[in-house]
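Given next are the chains, with one letter for each unit.
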Amino acid sequence: MVLLMNEYYSAKIEAIRNLKLKQTEEKIRRNGRTLNGDDKGLIPYEGTFTFKPEYNHPKGIMGPEACGRNYRRLLESHPVYIDPSNALPGGWMFSFSSYKGALWNDNYSYDKLAEEQKVYDIISGIGACHHFMADMKIGFQLGLGGILNKIHHYRDINDPARRPFYNALEDCVLGIQNIILRHADEAERLAENESDPDQKLFYSRMADSCRWIASNPPRSFYEAIMFTSWFILTLDMYNGAGAAVGEIDQFLYPYYEKDKSLGLITDDEVVYLAVCLFVKDNFYSQIGGCRIDGSDKTNELSFLILEATHQLKIPTSLCVRVHEQLNPELLYRAVKYMFEDKNGTPSFIGDKGLNEGFVRNGYPMELAVTRARAGCHWVNIPGREYTLNDCVKINFVKVFEVALHDMLENTNEPSADLLWDYFKRHLARAVDLTIEGIEFHLKYMEESFPELPMDLFCYGPIEKGYDATNGFKRAMEYYNMCIDGSGLAVVADSFAAIRQRVEEQGLISWQKLIEVLENDFEGSEDNRLMLRSNPRYGSGGSLADEYAVEIVRHFVFCCKKGPTPSGFVIIPGLFSWSNTIGMGKVCKATPDGRHTGAPISHGANPTPGFREAGALTALANAVASVQCGYGNTVPVQIEVDPKLGADEGGIEIFMEFIKTYFNTMKGTLMNLNIINKDTILAAHENPEDFPDLIVRVTGFSAYFAALSRDFRQLVVDRIIEGA
Amino acid sequence: MDNLIFDIQQFSVHDGPGIRTTVFFKGCNLRCAWCHNPESISPDPVLQLYPHKCIHCGKCIEVCPHNCNIIVDGELSYRRELCDGCGECARVCYAQSRQIAGRRWDADEIMKIVERDLHFYKSSGGGVTFSGGEPMLQHEFLLSLLEKCKEIGLHTAVDTAGNVLFERFEQVRPLVDLFLYDLKVMDDEVHKRFTGVSNRLIIENLKRLADGRSDIYIRIPVIPGVNDNMDNMRKSADLLSPLSGIKLVELLPFHFLGEAKYKSLGMEYPIREFGPLSKVKTAQFAVVFSEAGLKVKAH
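Protein sequences, first through last, are from chains X and D.
The numbering of the first sequence is numbering that gives the first Met the number 0, which starts it at 0 and goes up by one.
The numbering of the second sequence is numbering that gives the first Met the number 0, which starts it at 0 and goes up by one.
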């Protein structure tokens, strides 16, 4: 299926892309090159906007009732935004979370726990928002009016003490309806003043559909995608939750199929409408994937969605879900576009590793296949599973540092074996402290910052009268809490360096090692390089490779030794997101030759320069060997030379590489950059000359020019020294 | 000097079909002026020097048994003429300012690396390629590796310049699925001038090898001013066209890589005299082979 876009849509798509670039430049002008995360499609507002939050607590807005009321007030005053090229109205400019005051309600204090967690540089997730996925289909079935009725129904029959929670949910719906209807009014006004008949129709249609979906279930593909857009935008206006979208080619498909069969829509209009959606937020979604019987979910819409990201060429986070029966044409097209567009899109996830892993938690495969890509490195069951994915991390490097110091304080005969025992003990302690934090969050988050608009689109919160975060009331069906380990390579390499360089080869004494670490290798570059040149994790068959596997095995054991004290499931993964820099800053020099304060290793990847000559297969083998195996991802980040795709047969070879990694080796997630060294070096030097260069920083992608220097450096190091 | 390997490259995608691991044998009996692996030429280990990486730790001076390294006017000086490539200095040079090209491996050690990517070979139709240097110069070691590959059912390829006695081809061919056979220049005088040897044995071997019992990819490096002319390409096509087993003709563009390697080996970089390669010409050459009924791929 090769689509030749008609000129009308092509022109609009180009205008959308150019406006996005212009807005990005404006954001850089206002904020400098400071981006350390996803920009989430923020529209820079040009006027003056004031919103006065009504605090109900000395530190800010706390608990459902006040959050719901203030969110509704924000939506009622949020500026209206219509791009004349974009058929989907609305733009995210302001978020309730930035007016909320303190994120955490200090009526529920955890100072002691925080202090203990700090020892291991644990990112606790306490107070962290969203990072689970709602189910769009609830909105599609009920419409906002139906959701409002549902709230009223359960408010009437459930415990009257829960009325404030229901009132908060009602406020959310009323606020969302308000902003949609104000856009309907604005579109109507634009239509009245428009002289061009096509554009007049464009606005009228927008106004009509807005007015309809403000209360009713969508009737057409256009209304369904508009509903999706409002879902994303209004959740972003709350706390950024709109980024988790999931199976976009599935939940929109019935509307596509119906409109197509009635001749109401063309494929190029579908691509254009998808473009209109993808510019709203760099949201996470997937195409492809398998059903319970192993058959492929790919449909015509999967291709059109992929086509939309290809046409748009801005940072997007579309992902292809790979399995044995995946439509080969979809994979071919995805790889081809990845090489052509060089913007890190799409990424790839694997059914086999994820699904088989999830089943090991005791869940049926029927449930596993419903988990869909919804974030940087994570998947989620839409509307049923609360997870705190990507919010909870243990800094393995800090755990190693603590273990090393603890050992040295307690013995005069240090050894790699003894250090391993200390490390294992401290890692177990770090996991326990992390679990304690997770349970604390599940108990009190509702009274701090409930997930109100997400509750509307989940199975349980409205029915039970409790917020999705309220694990102790089991508001959601499943609480599968994520813990990620970070900095694996640094620790594995450090253990191997001690064992081999110190103990086996005697190239440096323990005493000298401790001395050079304390001094951050000052005046000891030869020793640093000696340690650094020990075969590292990723080199294949090295001791560091073995240590990496053992570290992960122990980490998984600690996480999976049983349910948490209050009966929640923990699912381990390995990921650092963009915390590689921050986590590195708090760690002293390490025996792998890493300097004090230098970034820790990225996700589960080996450290840059892990081999003299990089090889994609070596990298893939390494990361496949450290999969945690319970359904959360251990991503591999790969930088690929564009030349590979340009060679005859190069795309086919890369397809086989992807298929082998997922279908045979049970890899879980692959994030890629297609970029050559010269380009990235030139862009690092003069970012302003490369305004449209897009890189996949970690799970998210961004305009390279908008990134902070530290982050640009991180990407550059990976590409220059990496595989 | 057997068992000498200077590199093993995983995810090799240009040396035969699919995803492969390429094992580079050290030692070559041609002296191609455009060689981009000059460290492969000598049949002995050779030291490569990268002075910009030196951190002046002085360890190389301490360990060198031949006093190759001395301080002259406060600067480290290396006397290559005294060096026998023992690699002692490279072993202690953690800054990688000194690296040794080539070391002895045993076959099982190589197979351990080869076996890491079994999954990828299987799915992509790839396997192992033995390249160089000239792998046929270490044919016994090559044979033992080929046997081990066949024991585990791997697809095997041998990349050769063909300048060895044909008996060696006879020995290895039952274990080789594909030969990557270099055909450089048809004019013998030009061949001698730029490679140091006659092409007679090479062409003779090719004719005998191409009897239909072996699959062959012909590889022609397109070198400006040496063989990038229609006459040479037509003659090559005339030679290849009647032969059996020629599955593909690959036109490999000359590229300016390897200059740093020459410098590291203390060798003159001979390639400057060649001009830039014309893509148009390469495309025209491809037509010549295609018209001769040969499948051709221009990289």
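If you are wondering where the hints come from, they were derived from the structure by calculation, not from laboratory data.
A couple of the hints might just be wrong.
The following residues of chain D were derived to be distant from chain X, with all beta-carbon distances above 12 Å [said to hold, decoys possible]: (1) LYS52; (2) GLY73; (3) ARG78; (4) CYS85; (5) GLU87; (6) LEU164; (7) LEU174; (8) LYS234; (9) GLY244; (10) GLU249; (11) GLU267.
Here are the simulated SDA-like pairs of lysine to any residue, each with C-alpha atoms no more than 25 Å apart in a straight line [as the list claims (entries may be wrong)]: (12) X/LYS511 with D/GLU61; (13) X/LYS587 with X/ALA645; (14) D/LYS52 with D/GLU258; (15) X/LYS642 with D/SER243; (16) D/LYS52 with X/LYS442; (17) D/LYS111 with X/LYS335; (18) D/LYS149 with D/ASP176; (19) D/LYS260 with X/SER532; (20) X/LYS199 with X/ASP38; (21) X/LYS199 with X/LEU263; (22) X/LYS642 with D/ASP210; (23) X/LYS642 with D/GLN283; (24) D/LYS262 with D/ASN68; (25) X/LYS665 with D/LEU117; (26) D/LYS234 with D/PRO223; (27) X/LYS26 with X/TYR7; (28) D/LYS278 with X/LYS587; (29) D/LYS246 with X/GLY648; (30) D/LYS278 with X/ASP340; (31) D/LYS121 with X/ARG610; (32) X/LYS341 with X/ASN17; (33) X/LYS335 with D/LYS296; (34) D/LYS280 with X/GLY239; (35) X/LYS136 with X/LYS442; (36) D/LYS206 with D/LEU117; (37) X/LYS587 with D/ILE54; (38) X/LYS511 with D/CYS56; (39) X/LYS642 with X/PRO686; (40) D/LYS52 with D/ASP72.
Quick reminder that beta carbons are idealized off the backbone N, C-alpha and C, glycines included.
Evaluated hints:
1. LYS52: violated (9 Å)
2. GLY73: holds (19 Å)
3. ARG78: holds (23 Å)
4. CYS85: Given a closest Cβ separation of 19 Å, the condition holds.
5. GLU87: Correct as stated: the minimum Cβ-Cβ distance to chain X is 15 Å, above 12 Å.
6. LEU164: Given a closest Cβ separation of 33 Å, the condition holds.
7. LEU174: Holds, because the least Cβ-Cβ distance between D/LEU174 and chain X comes to about 24 Å, which exceeds 12 Å.
8. LYS234: holds (25 Å)
9. GLY244: Consistent with the label, D/GLY244 stays out of reach of chain X, its closest Cβ about 21 Å off (over 12 Å).
10. GLU249: Contrary to the label, D/GLU249 does not stay out of reach of chain X, its closest Cβ about 10 Å off (not over 12 Å).
11. GLU267: holds (25 Å)
12. X/LYS511 with D/GLU61: holds (21 Å)
13. X/LYS587 with X/ALA645: violated (43 Å)
14. D/LYS52 with D/GLU258: holds (17 Å)
15. X/LYS642 with D/SER243: Violated, because 32 Å separates the two Cα atoms, which is more than 25 Å.
16. D/LYS52 with X/LYS442: Violated: D/LYS52 and X/LYS442 sit about 56 Å apart, past 25 Å.
17. D/LYS111 with X/LYS335: Judged against 25 Å, a Cα distance of about 33 Å means the pair is violated.
18. D/LYS149 with D/ASP176: holds (10 Å)
19. D/LYS260 with X/SER532: Within the cut-off at roughly 21 Å; holds.
20. X/LYS199 with X/ASP38: violated (32 Å)
21. X/LYS199 with X/LEU263: With Cα atoms ~19 Å apart, X/LYS199 and X/LEU263 stay inside 25 Å; holds.
22. X/LYS642 with D/ASP210: violated (35 Å)
23. X/LYS642 with D/GLN283: holds (22 Å)
24. D/LYS262 with D/ASN68: holds (18 Å)
25. X/LYS665 with D/LEU117: Judged against 25 Å, a Cα distance of about 15 Å means the pair holds.
26. D/LYS234 with D/PRO223: holds (17 Å)
27. X/LYS26 with X/TYR7: violated (29 Å)
28. D/LYS278 with X/LYS587: violated (53 Å)
29. D/LYS246 with X/GLY648: holds (16 Å)
30. D/LYS278 with X/ASP340: holds (24 Å)
31. D/LYS121 with X/ARG610: With Cα atoms ~24 Å apart, D/LYS121 and X/ARG610 stay inside 25 Å; holds.
32. X/LYS341 with X/ASN17: holds (18 Å)
33. X/LYS335 with D/LYS296: Distance ~20 Å between X/LYS335 and D/LYS296 Cα, so the pair holds.
34. D/LYS280 with X/GLY239: violated (56 Å)
35. X/LYS136 with X/LYS442: The given pair, whose Cα atoms are some 28 Å apart, is violated under the 25 Å limit.
36. D/LYS206 with D/LEU117: violated (33 Å)
37. X/LYS587 with D/ILE54: Cα-Cα ~23 Å, so holds.
38. X/LYS511 with D/CYS56: Satisfied, since the Cα-Cα distance of roughly 17 Å is no more than 25 Å.
39. X/LYS642 with X/PRO686: The hint holds at about 23 Å.
40. D/LYS52 with D/ASP72: With a Cα-Cα distance of about 19 Å, the restraint between D/LYS52 and D/ASP72 holds, given a limit of 25 Å.
In summary, the structure is inconsistent with hints 1, 10, 13, 15, 16, 17, 20, 22, 27, 28, 34, 35 and 36 from the numbered list given earlier, while agreeing with the others.
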